[in-house]
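Visitor: Sequence:
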Amino acid sequence: MTSTLAGLFDFLVFFVIAVVLVALYLGIYTLATMHNEFALIRRNVVSASTALGFSLVGFALPLGSAIVHAQGIVDLLVWGLVALAVQIVVYWLVRIVMPNLSQRIAGGEMAAALFLGASSLSAGIINAASMTF
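Residue numbers (the numbering used here): 206 to 338.
Worth flagging that the hints you see were computed from the coordinates, not collected in a lab. A few of these clues could be false.
As the list claims (entries may be wrong) - Distance windows between CB atoms, simulated: (1) Asn-249 to Leu-213: 38 to 44 Å; (2) Val-279 to Ala-211: 19 to 25 Å; (3) Leu-213 to Pro-304: 33 to 39 Å; (4) Gln-308 to Val-224: 29 to 35 Å.
All C-beta atoms, glycine included, are put in the ideal place defined by N, C-alpha and C.
Let the sequences and hints guide you as you build the complete structure.
Guide: Here it is as C-alpha cells:
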C-alpha cells in the first residue's frame with residue numbers, strides 16, 4: 206500500500222500546477238483573441254466553443270507531454286508556458302490568413318472555428334511531440 210501511495214504527493218503537485226496552467230491559459234488566450242469566447246458560449250454560439258475547445262486540447266496535449274518529461278516543477282512551468290505561447294501564436298497566424306476570424310466566429314461561422322480549432326490542435330500535437338527534453 207505504501208508503494209502505491211508513494212507517488213501521490215508528486216501527482217497532486219503536478220496536477221495542481223497543470224490545473225493552474227490551464228486556468229492561466231484560458232485567461233490569457235481569451236484576452237489575446239479579438240472576441241469574448243465565454244460571453245459567446247453563454248449565448249450558445251457553437252463556433253466559439255468549438256474553437257476554444259480545440260484550442261484547449263491543443264494546449265493540454267503538450268502540457269501532458271511536459272508532465273511526462275518534466276524533471277521537476279520548473280520544467281513543467283517552463284514547458285507549460287511554451288505550450289501557451291505556441292497556442293497564442295497559432296491564433297495570430299490564423300488571423301493573418303483569415304483577417305476577419307473573430308468576427309466570423311462571433312457570427313457563428315463553423316468553418317472559421319473549425320479551421321482555427323484544427324490549426325490549434327495540429328500545433329498542439331506537433332508541440333507535444335517536440336517536447337523530448
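Visitor: A separate judgement is required for each hint: does it hold in the structure or not?
Guide: Hint check results:
no.: 1; hint: Asn-249 to Leu-213: 38 to 44 Å; in the structure: holds, 40 Å
no.: 2; hint: Val-279 to Ala-211: 19 to 25 Å; in the structure: holds, 22 Å
no.: 3; hint: Leu-213 to Pro-304: 33 to 39 Å; in the structure: violated, 49 Å
no.: 4; hint: Gln-308 to Val-224: 29 to 35 Å; in the structure: holds, 32 Å
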